[in-house]
Amino acid sequence: MKDLLLHIDSYPDATPPEAIDQAVRFAAAAGGALTALAVQVDLQAPSNYLASRLINLAGVCAEQEAKSLASCREAMRIVDEKLAHYQVRGGSVLTKTDLHMVGEHVALHARTRDLCLVPMMDRQDGQRSVAEAVVFGSGRPVLLFRPGVADLPSGGLGTIVVAWDGSRTAARALAAALPLLPKAKQVRVLTVVNEKAEARPGLGDEVIRHLEVHGVHAVADEVDAARRKVGQVFSDYVTEHHSDLLVMGAYGRSRVREFILGGATEYMLEDPRTAILLSH
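Using our numbering, the letters of the sequence shown map in sequence onto residues 5 to 284.
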(Lines of atoms letter the chains of each structure in order from A and count residues from 1; the text may use other names and numbers.)
(Lines give C-alpha, C1' and ligand atoms only; values in the text may rest on other atoms or scores of the structure.)
Protein backbone atom coordinates (compact mmCIF):
# COMPACT_ATOMS: atom_id res chain seq x y z
CA MET A 1 0.00 0.00 0.00
CA LYS A 2 2.46 2.61 -1.20
CA ASP A 3 0.08 4.80 -3.18
CA LEU A 4 -3.07 5.90 -1.30
CA LEU A 5 -5.86 8.22 -2.43
CA LEU A 6 -8.15 10.14 -0.07
CA HIS A 7 -11.42 11.56 -1.35
CA ILE A 8 -12.07 15.06 -0.04
CA ASP A 9 -15.78 15.89 -0.09
CA SER A 10 -16.80 19.52 -0.50
CA TYR A 11 -20.57 19.56 -0.98
CA PRO A 12 -22.94 19.89 0.73
CA ASP A 13 -20.64 19.36 3.73
CA ALA A 14 -16.86 19.37 3.76
CA THR A 15 -14.69 16.48 4.91
CA PRO A 16 -13.87 17.35 8.55
CA PRO A 17 -10.30 17.76 9.85
CA GLU A 18 -10.53 14.63 12.03
CA ALA A 19 -11.10 12.49 8.93
CA ILE A 20 -8.06 14.00 7.23
CA ASP A 21 -5.99 13.47 10.38
CA GLN A 22 -6.97 9.80 10.56
CA ALA A 23 -6.21 9.25 6.88
CA VAL A 24 -2.74 10.75 7.14
CA ARG A 25 -1.95 8.74 10.28
CA PHE A 26 -3.14 5.57 8.55
CA ALA A 27 -0.86 6.31 5.60
CA ALA A 28 2.01 6.67 8.06
CA ALA A 29 1.17 3.32 9.67
CA ALA A 30 0.88 1.66 6.25
CA GLY A 31 4.16 3.18 5.10
CA GLY A 32 2.61 4.77 2.03
CA ALA A 33 2.24 8.13 0.32
CA LEU A 34 -1.14 9.88 0.42
CA THR A 35 -2.74 12.05 -2.24
CA ALA A 36 -5.89 13.95 -1.31
CA LEU A 37 -8.31 14.39 -4.20
CA ALA A 38 -10.33 17.52 -3.45
CA VAL A 39 -13.40 17.56 -5.68
CA GLN A 40 -15.22 20.83 -6.33
CA VAL A 41 -18.76 20.28 -7.61
CA ASP A 42 -20.01 21.75 -10.84
CA LEU A 43 -23.62 22.89 -10.38
CA GLN A 44 -24.95 23.66 -13.82
CA ALA A 45 -28.11 25.72 -13.51
CA PRO A 46 -30.84 24.51 -15.85
CA SER A 47 -32.05 27.01 -18.41
CA ASN A 48 -35.29 28.21 -16.85
CA TYR A 49 -36.39 31.79 -17.37
CA LEU A 50 -38.96 31.77 -14.54
CA ALA A 51 -36.56 30.25 -11.99
CA SER A 52 -33.88 32.77 -12.96
CA ARG A 53 -36.29 35.68 -12.46
CA LEU A 54 -37.75 34.43 -9.17
CA ILE A 55 -34.75 33.04 -7.31
CA ASN A 56 -31.72 33.86 -9.48
CA LEU A 57 -30.96 30.14 -9.90
CA ALA A 58 -27.72 30.74 -11.78
CA GLY A 59 -26.51 33.00 -8.98
CA VAL A 60 -27.39 30.42 -6.33
CA CYS A 61 -25.46 27.72 -8.21
CA ALA A 62 -22.43 30.00 -8.60
CA GLU A 63 -22.53 30.77 -4.87
CA GLN A 64 -22.63 27.07 -3.94
CA GLU A 65 -19.79 26.29 -6.35
CA ALA A 66 -17.72 28.99 -4.68
CA LYS A 67 -18.53 27.48 -1.28
CA SER A 68 -17.42 24.07 -2.56
CA LEU A 69 -14.15 25.52 -3.86
CA ALA A 70 -13.46 27.23 -0.54
CA SER A 71 -14.03 23.92 1.28
CA CYS A 72 -11.60 22.19 -1.08
CA ARG A 73 -8.88 24.77 -0.51
CA GLU A 74 -9.29 24.65 3.26
CA ALA A 75 -9.13 20.85 3.24
CA MET A 76 -6.00 20.96 1.06
CA ARG A 77 -4.38 23.33 3.55
CA ILE A 78 -5.14 20.89 6.38
CA VAL A 79 -3.83 17.96 4.33
CA ASP A 80 -0.51 19.71 3.74
CA GLU A 81 -0.30 20.58 7.42
CA LYS A 82 -0.96 16.98 8.53
CA LEU A 83 1.42 15.48 5.98
CA ALA A 84 4.21 17.67 7.28
CA HIS A 85 3.33 16.97 10.92
CA TYR A 86 3.32 13.17 10.54
CA GLN A 87 6.17 13.19 7.99
CA VAL A 88 4.14 11.43 5.32
CA ARG A 89 4.88 11.82 1.62
CA GLY A 90 2.09 13.10 -0.59
CA GLY A 91 0.08 16.14 -1.50
CA SER A 92 -3.30 17.25 -2.75
CA VAL A 93 -4.98 17.71 -6.11
CA LEU A 94 -7.90 20.03 -6.90
CA THR A 95 -10.40 18.80 -9.49
CA LYS A 96 -13.94 19.66 -10.54
CA THR A 97 -16.80 17.54 -11.80
CA ASP A 98 -20.57 17.49 -12.11
CA LEU A 99 -22.36 16.97 -8.79
CA HIS A 100 -23.96 13.74 -10.02
CA MET A 101 -20.67 12.31 -11.31
CA VAL A 102 -18.49 12.65 -8.21
CA GLY A 103 -18.38 8.90 -7.55
CA GLU A 104 -17.38 8.03 -11.10
CA HIS A 105 -14.80 10.83 -11.04
CA VAL A 106 -13.16 9.48 -7.88
CA ALA A 107 -13.29 5.92 -9.26
CA LEU A 108 -11.38 7.04 -12.34
CA HIS A 109 -8.60 8.54 -10.22
CA ALA A 110 -8.55 5.49 -7.94
CA ARG A 111 -7.68 3.12 -10.80
CA THR A 112 -4.01 4.01 -10.55
CA ARG A 113 -3.83 3.81 -6.75
CA ASP A 114 -3.28 0.91 -4.37
CA LEU A 115 -6.16 1.95 -2.13
CA CYS A 116 -8.83 4.65 -2.00
CA LEU A 117 -9.89 6.04 1.39
CA VAL A 118 -13.46 7.31 1.63
CA PRO A 119 -14.67 8.89 4.91
CA MET A 120 -18.39 8.44 5.59
CA MET A 121 -19.52 11.03 8.10
CA ASP A 122 -23.29 10.70 7.82
CA ARG A 123 -25.78 8.39 6.16
CA GLN A 124 -27.08 11.29 4.11
CA ASP A 125 -23.80 12.92 3.06
CA GLY A 126 -23.53 11.19 -0.30
CA GLN A 127 -20.25 9.48 0.52
CA ARG A 128 -21.84 6.06 0.41
CA SER A 129 -22.60 6.50 -3.29
CA VAL A 130 -18.99 7.57 -3.82
CA ALA A 131 -17.76 4.45 -2.02
CA GLU A 132 -20.01 2.21 -4.09
CA ALA A 133 -18.86 3.84 -7.33
CA VAL A 134 -15.21 3.30 -6.41
CA VAL A 135 -15.78 -0.33 -5.37
CA PHE A 136 -17.67 -1.23 -8.54
CA GLY A 137 -15.96 1.11 -10.99
CA SER A 138 -12.28 1.39 -10.10
CA GLY A 139 -11.10 -2.20 -9.97
CA ARG A 140 -9.22 -1.23 -6.79
CA PRO A 141 -10.01 -1.68 -3.09
CA VAL A 142 -11.69 1.02 -1.05
CA LEU A 143 -11.29 1.68 2.67
CA LEU A 144 -14.32 3.13 4.42
CA PHE A 145 -14.21 4.76 7.84
CA ARG A 146 -16.34 6.98 10.03
CA PRO A 147 -14.42 9.04 12.63
CA GLY A 148 -15.81 8.56 16.11
CA VAL A 149 -17.72 5.42 15.11
CA ALA A 150 -15.48 3.33 12.85
CA ASP A 151 -12.07 4.98 13.16
CA LEU A 152 -9.11 4.30 10.93
CA PRO A 153 -6.36 2.48 12.82
CA SER A 154 -3.30 4.58 13.52
CA GLY A 155 -0.03 4.16 15.33
CA GLY A 156 0.15 0.54 14.16
CA LEU A 157 -2.45 -2.02 13.16
CA GLY A 158 -3.96 -4.16 15.91
CA THR A 159 -6.46 -6.82 14.85
CA ILE A 160 -7.47 -7.31 11.23
CA VAL A 161 -10.40 -9.62 10.48
CA VAL A 162 -10.64 -11.24 7.05
CA ALA A 163 -14.14 -12.43 6.12
CA TRP A 164 -13.77 -15.65 4.11
CA ASP A 165 -16.37 -17.72 2.28
CA GLY A 166 -14.13 -19.12 -0.43
CA SER A 167 -15.64 -16.94 -3.17
CA ARG A 168 -13.81 -15.10 -5.95
CA THR A 169 -14.81 -11.78 -4.39
CA ALA A 170 -13.42 -12.79 -0.99
CA ALA A 171 -10.20 -13.91 -2.69
CA ARG A 172 -9.85 -10.53 -4.36
CA ALA A 173 -10.32 -8.75 -1.03
CA LEU A 174 -7.74 -11.02 0.62
CA ALA A 175 -5.20 -10.25 -2.10
CA ALA A 176 -5.91 -6.52 -1.86
CA ALA A 177 -5.32 -6.54 1.90
CA LEU A 178 -2.19 -8.68 1.80
CA PRO A 179 0.28 -5.74 2.03
CA LEU A 180 -1.38 -4.63 5.29
CA LEU A 181 -1.64 -8.01 7.02
CA PRO A 182 2.06 -8.36 8.01
CA LYS A 183 1.79 -5.01 9.78
CA ALA A 184 -1.03 -6.22 12.07
CA LYS A 185 -0.50 -7.61 15.55
CA GLN A 186 -3.20 -10.19 14.93
CA VAL A 187 -5.01 -11.53 11.86
CA ARG A 188 -8.20 -13.53 12.21
CA VAL A 189 -9.93 -15.36 9.35
CA LEU A 190 -13.69 -15.52 9.89
CA THR A 191 -15.99 -18.00 8.17
CA VAL A 192 -19.72 -17.89 8.88
CA VAL A 193 -21.10 -21.44 8.69
CA ASN A 194 -24.66 -22.73 8.41
CA GLU A 195 -25.62 -19.75 6.31
CA LYS A 196 -24.81 -20.90 2.77
CA ALA A 197 -23.56 -24.21 1.44
CA GLU A 198 -20.24 -22.89 0.10
CA ALA A 199 -19.09 -21.67 3.52
CA ARG A 200 -18.31 -25.04 5.06
CA PRO A 201 -16.23 -25.96 8.14
CA GLY A 202 -12.49 -26.03 7.50
CA LEU A 203 -12.71 -23.53 4.66
CA GLY A 204 -10.29 -21.12 6.32
CA ASP A 205 -7.44 -23.66 6.57
CA GLU A 206 -6.14 -22.87 3.08
CA VAL A 207 -6.17 -19.16 3.88
CA ILE A 208 -4.06 -19.82 6.97
CA ARG A 209 -1.60 -21.83 4.84
CA HIS A 210 -1.43 -19.09 2.20
CA LEU A 211 -0.80 -16.38 4.78
CA GLU A 212 1.93 -18.42 6.48
CA VAL A 213 3.82 -18.49 3.16
CA HIS A 214 3.73 -14.68 3.29
CA GLY A 215 5.00 -14.62 6.85
CA VAL A 216 1.61 -13.84 8.39
CA HIS A 217 0.48 -15.97 11.32
CA ALA A 218 -3.30 -16.02 11.47
CA VAL A 219 -6.03 -17.89 13.33
CA ALA A 220 -9.20 -19.27 11.73
CA ASP A 221 -12.57 -18.88 13.41
CA GLU A 222 -15.88 -20.41 12.42
CA VAL A 223 -19.04 -18.79 13.72
CA ASP A 224 -22.49 -20.32 13.40
CA ALA A 225 -24.89 -17.90 11.76
CA ALA A 226 -27.60 -19.17 14.11
CA ARG A 227 -30.30 -17.62 11.93
CA ARG A 228 -28.63 -14.21 12.05
CA LYS A 229 -27.82 -12.15 8.99
CA VAL A 230 -24.19 -12.49 7.93
CA GLY A 231 -23.71 -8.75 8.36
CA GLN A 232 -24.89 -9.03 11.96
CA VAL A 233 -22.40 -11.85 12.57
CA PHE A 234 -19.60 -9.70 11.13
CA SER A 235 -20.63 -6.74 13.25
CA ASP A 236 -20.81 -8.77 16.46
CA TYR A 237 -17.49 -10.46 15.74
CA VAL A 238 -15.45 -7.32 15.05
CA THR A 239 -16.91 -5.73 18.18
CA GLU A 240 -16.05 -8.76 20.32
CA HIS A 241 -12.46 -8.89 19.04
CA HIS A 242 -11.91 -5.11 19.03
CA SER A 243 -11.02 -5.21 15.35
CA ASP A 244 -9.24 -2.27 13.71
CA LEU A 245 -10.13 -3.35 10.21
CA LEU A 246 -12.55 -5.74 8.49
CA VAL A 247 -11.54 -7.09 5.09
CA MET A 248 -14.44 -8.36 2.99
CA GLY A 249 -15.53 -8.88 -0.56
CA ALA A 250 -18.18 -6.47 -1.83
CA TYR A 251 -21.07 -8.40 -3.30
CA GLY A 252 -23.40 -6.74 -5.73
CA ARG A 253 -23.58 -5.26 -9.17
CA SER A 254 -24.01 -1.84 -10.68
CA ARG A 255 -26.66 -0.69 -13.10
CA VAL A 256 -25.85 2.78 -14.42
CA ARG A 257 -25.48 4.57 -11.08
CA GLU A 258 -27.85 2.32 -9.12
CA PHE A 259 -26.06 -0.23 -6.97
CA ILE A 260 -27.68 -3.48 -5.98
CA LEU A 261 -25.72 -4.81 -3.03
CA GLY A 262 -25.49 -8.18 -1.33
CA GLY A 263 -26.96 -8.49 2.15
CA ALA A 264 -23.70 -8.45 4.13
CA THR A 265 -22.30 -5.55 2.13
CA GLU A 266 -25.49 -3.55 2.59
CA TYR A 267 -25.53 -4.25 6.34
CA MET A 268 -21.92 -3.19 6.91
CA LEU A 269 -22.24 -0.03 4.83
CA GLU A 270 -25.38 0.97 6.69
CA ASP A 271 -23.95 0.52 10.18
CA PRO A 272 -20.14 0.08 10.22
CA ARG A 273 -18.58 -0.84 13.56
CA THR A 274 -14.99 -0.73 12.32
CA ALA A 275 -13.09 0.51 9.31
CA ILE A 276 -13.86 -1.72 6.28
CA LEU A 277 -11.67 -2.64 3.34
CA LEU A 278 -13.92 -3.62 0.44
CA SER A 279 -12.99 -5.14 -2.91
CA HIS A 280 -15.18 -6.33 -5.76
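It is worth saying that the hints were derived from the structure and are not from the lab. What you are looking at is a predicted structure, and each value in this text was computed from that prediction instead of being measured. Beta carbons: idealized from backbone N, C-alpha and C, even for Gly. Certain hints may be false.
[Unchecked claim] Computed spacing ranges between beta-carbons, pair by pair:
| id | residue 1 | residue 2 | range |
| --- | --- | --- | --- |
| 1 | L112 | H246 | 35 to 43 Å |
| 2 | G267 | H221 | 41 to 49 Å |
| 3 | I212 | A74 | 47 to 55 Å |
> Which earlier hints turn out false for this structure, listed by number in ascending order?
Replying inline: 2
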